[in-house]
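Using the sequences and the hints, build the whole thing.
Protein sequences, first through last, are from chains A and B.
In the working numbering, each residue carries its 1-based index in the first sequence increased by 96.
In the working numbering, each residue carries its 1-based index in the second sequence increased by 22.
Simulated from the structure, these hints should not be mistaken for lab results.
Just so it is clear, CB atoms sit at the ideal spot from N, CA and C, and this is done for glycine as well.
Don't take each hint at face value.
[As the list claims (entries may be wrong)] Examples of chain A residues lying across from chain B (beta carbon under 7 Å, computed): (1) Leu152; (2) Gly170; (3) Glu176; (4) Asp179; (5) Val260; (6) Thr284; (7) Ala287; (8) Phe289; (9) Ala290; (10) Glu291; (11) Ala294; (12) Asp297.
Spelled out from the first residue to the last, the chains are:
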Amino acid sequence: MNVKKILNSFIAIAMSIGLVAPATSMAAGVPESDKPIKFMTADWTSIGLQAEIMSLILRTSGYNTKLVVADDSGRYPGFEAGDLHVSMETWQTTQLNNLKKSVATGKVLDMGETGLKGVEDWWYPMYMKERCPGLPDWKALKKCGELFATADTAPKGRYVGGPVSWGDHDENLIKALDLPFEVIHPGTDAAMFAELKAAYDRKAPVILWVWEPHWVGSVYDGEFVKFPKFEAGCFDDASWGPNPNMTGDCGKPYGWIKKMAWAGGEKVWPCAYEMIRKYDMSNAQINKMLIEVDLNGRSNEEVATEWLKNNKDIWKPWTTCAG
Amino acid sequence: MSLALRIDNLPHIARSSVKCVVAVVAMALITNLGPGWLSTIPDWLMFPVSDIVGDSLTWFAREATIGGIAVQEITRGFAGLIDKPIEAAVVVLADGLFKGRGLDVTQSVPPLSWLALGGAAIIVAHRFGGSALALTTSICVAFLVSFGLWQNAMITLSNVLVSVILATLLGLVLGIWSFRSTHVENVTRGIMNVMQTVPIFAYLIPTLLLFGYGPSAALVATVAYALPPMVHNTVLALKSVPAETIECGRMTGCTQRQLLWQVQLPTALGKIAVGLNQSIMMTLNMVIIASMIGAGGLGFDVLKALRKLDIGGGLEAGMGIVALAIILDRTSQAIAKRAAHGKHREPGQWPIWKVVGLWLVIATGIAYIFEPAQAWPKDYVISTAVFWNDLVTWINIEWFDVLDAFRTFALLEVMRPFRDALAAAPWSMMIGLLAIGAYALGGARLAIYCVALALAIVMTGYWGPAMNSLYLILISVTLAVIMGFPVGFWLASRPQLQTAANLTLDTLQTLPTLVYLLPAVMLFRIGDVSAVIAVTLYATAPAIRYAMIGMSQVPVARLEAAQISGCTRWQTLRWIRFPAALPTLLVGVNQTIMMAFSMLIIAALVGTKDLGQEILIALNRSLVGQGIVAGLCVACLALIADALLKAGAARAVTHRHKKED
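Encoded structure:
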C-alpha cells in the first residue's frame, strides 16, 4: 500500500513539474484548445458565482478554465490585451459607457445579456420610512437631511456611497436634485455594509448604496429610493428631468447585466463562446445561491456544483456544440 | 550629576522652542504676505509626471521590443514560467491531483496530509529549537488543523515558499554583486531604500501590466517587496567576515570563486539567515494584498469572511496567517542561530532530511489507511466565530453612544482642525520650515536633500493628498508613541513578561489589519477616525518593542550611580534612563513612522482622502502613472522622515558623549 502511495506522490511531483504530460483528450474536436479560458472574478459575490457556474459547464465539456481576480472598472485593458477572456457580469448601471467604448476598439465582444437585472441605488432600512415620511419618493429626502446627519456631516445627511473608483454619479445626483446630503466614500464595499450592519442593529438612521442581486436584500428589510427613472437623455441632455439646467438628475440605469469576452477567443474556443452566449439565468435563481454562499458560508464551487447537478435540463441544451 | 544635567538641559529646551516659534511665525508672515505663488502652487512648478510615467510604461509593456522580441512576450513567458513552481507546490502541499474536469472531477492523488506536513514541521522545530519550539509549533499546527484552515494555509505556504526562494536567490546575487563593487552597492542601496517605502499597491499596477493578472503578478510584487532586507543583510554579512579569515583563504590558494563559496558565504551564513527571516515575515505581510489580485489561500479567506461581515471568521483566518508566521519565523530563526554557531548534529544523530523523509513516508501510510489523518473531518472543525461576532454586536448596541461621542470629539476638536491647518498652510511655508529644521538637525546637505524630496512632491501635483497623509501619519504616530513607549518602559523592568510580550507584538504585526479594521468601521464609521485607529494599532508594536530594548540597555553602573546620589524613581527615569535610551527610542519612532506609512494603503480602504486613496483608485482604474507617482510621493515623505530622525538620533548620541566628557 505504502509503496503505491509513494509512487503516486512521485508521479504527482513529476507531473506538476511537467515531466509527464497529462493524458486527457476529448472527442469531437472539443476542446479546440487546452489553453485556459480565463474568467474574471471580482469583489462582489455574484460575478464569482456565475463565473464558477459557467466555468464548471465548460470544464465538464473538457475545457481548461481559470478564475482571475480583476476590478470592475479596471478590467478593460486586461480584456483588450487578452489577459482576461470572459466576464459573466457587466452592469448597465455603472459600466454602460465603459463597455460601449471597449467594444468599439474591436478587441472586446458583447456576449449578450445574462438574463439578470441589476438595480443599484440609494437604499434605506424599512424602519426609516416612518421617520422620513414620503419615502421611497426621492423628494422626501429633501426634508430628511438632518435625520441622516452625523456630527461630521451636519446639517447635511450622511450618504454612504461606493468606493471612489465606482464613479461620481451620486455627487452629480445630489447637485442636480439639490439634496441636503454629503457622499462618504469607503475604499471597499465591506466597509459600506459594516456601517449598515452597525446602524441596523441599533435601528439607527442609515442610507447607502446597495445593489441587487446581493445578500443584503435578503437579510435586511429595506427598499430603494425612487429617483426619476433613468432615460438616455438624463446623462447628455440638461433639459431632461426635474432640473432643467443640469444633467445627471436621475437614478442609476436599471437594467441588464451582460457577459463580455476577449474578441481573440472566438477563434480559439468557438464552441465555448457559443455556450457562453447561450448562458441564461434569473435573479431568483442567483439570489437563492447567493444566500447559500454569503449567509450559509458555503463555497462558490460547492453551490455551483450543486446547481449544475440539479439543473441539467437547463444547462445541457447550452452545450449542444460540444456533442 | 542630576543637578548639572538639569541646568544644562532646561535652557537648551527653552532656547530651541523659542527658535521654533520664531521660525514658524517668520515663515508664516513671509509666505502669506509674499507673492501669491508662495501660498498656492503655481502651474509652472507642476509637471504632468504621472502622464509621462504612465505613457512610457504602457509603451514599454505593450509596444517595446528587445532584440526583435516584444517585451510583453518576454514578461508573459516569465510569468508562465514562475506559475509552474507555484502550481507544483500547490499540488504537493494543498490540492493533490485530479482526474476529469467539471462535474466528472475526482481526486486521483491526494496532497501530503496534515499529519505528514505538520509532523515534519514539529520534527524540524525540535531538532533546531528544542522542545520549547516543538511545543509552540505543535500548538500552531493543531490550531490550523482543528479550525479547518489547513488546506488554505498550505496554499498560502506554497506562495510564500516560492516567493521566499526567489527573493533569496535574487537577494544573494544582488548582495554579492553589491559587495564586490561600491558603485553597484550605491545604486542598489538607493533603489532598495525607495522600494521599501513605496507602498506595494503602487507597483502592483505595472506588475499587472507586465505580467498579466493572476498569481504570478502577486508573486512578482511580493518578491519585490521582500527583496530589500535580503540584499541588505547579504551585504552586511559579507562585510562582517573577518579579514583574517579571508586572508587565510587567500593563503591556502583559493581562487576568487572558491573564496566566495567556501570561505565568505559559509562564514556569513548566520547573518544572511537574518535576512532570510526578514524576507519570510515581509512575504507573510503581503498575503492579504496578494490575495486581492489572485493568490488564494488564507488571505482570500480573510477577505471572503470580512466581505460578509463575518468578523469572527476573518479573525480566525487571520490568526491562521499568524500561526503560519510563527512556525516559519521561529524555526528559521532557530536554524539561523544554529548556522551562526556552526553547530552540527550530535554524534549518532540522523541527518534531518532522513528523519523528515522517513516520517513523511510513515505518515502518508497512516493517512492512506486512516482518512481523518488526510483531511480533518468537517464535523470536528472548531469555530469561535459566533462568539466574536456577538461580541462586536454587543459592543455596538451597548457602547455605541459613548464611542460615538468620543469619535465626534476626536474628529471635530482634534483631527479636523489639524487637517485643515495642514491643508491651509502654504506649501512654501512647509518647505521653508522643513529646510530650517533639517539644517538645524543635520546641516546644509540634509536640508538640500529634504527640500529636493519635498519639491518633487510639489511638482507631481500631489501636495494636497500628501498633506492629508502627513496628517494621518502624525496623529497615528503620536498616539502610537504615547501608548507604546510607557508600555515598553514598563515591560523593560519585567523580564519575565517579555516572552509573552514578544509573542503578542508578533501577533499584532502579522495579523492582517483588515481583521480589526472592519470592527473599527462598525464602531467608528467610515472615515479618518477608523483609519487612525487601524494605523495606530499596527504602529504601536514597534514603539513598544524599541522602548523595551532601549530601556533594557541602560548601563547598570549609571543606574547605581543615580541610586547612590539619591535620585527618585522619576528622576532616574527622566535624567538617566531616558537620555541613555534616546538614540534607540528615536530609531523606534522612525520604525513606527515607517510602519504607519506602510499602513496608509489599508487605511484607504475605509475612505481616507490621502495618497493611499490615490493609489487605490489608480489600482482600481489601471492608471499606471498615477499609481506609481503617488507611491513615489509616499516614499518621498517616508525618506524625509527617515533622514530627519536619523540625524536626530545621531545628534542625540553626540550630545550624550559631549555631556559624558
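Hints and how they fare:
1. Leu152: Holds, about 5 Å.
2. Gly170: Hint holds; Gly170/A Cβ to chain B Cβ min 4 Å, cut 7 Å.
3. Glu176: Not OK, violated: Glu176/A not within 7 Å of chain B, min 10 Å.
4. Asp179: holds (4 Å)
5. Val260: Holds: closest Cβ of chain B sits about 5 Å from Val260/A, inside 7 Å.
6. Thr284: holds (5 Å)
7. Ala287: Interface hint status for Ala287/A: holds (5 Å vs cutoff 7 Å).
8. Phe289: This interface hint holds because 6 Å falls under the 7 Å limit.
9. Ala290: Check passed: Cβ of Ala290/A comes within 4 Å of chain B, closer than 7 Å.
10. Glu291: holds (6 Å)
11. Ala294: Because about 4 Å separates Ala294/A from the closest Cβ in chain B, which is inside the 7 Å limit, the hint holds.
12. Asp297: holds (6 Å)
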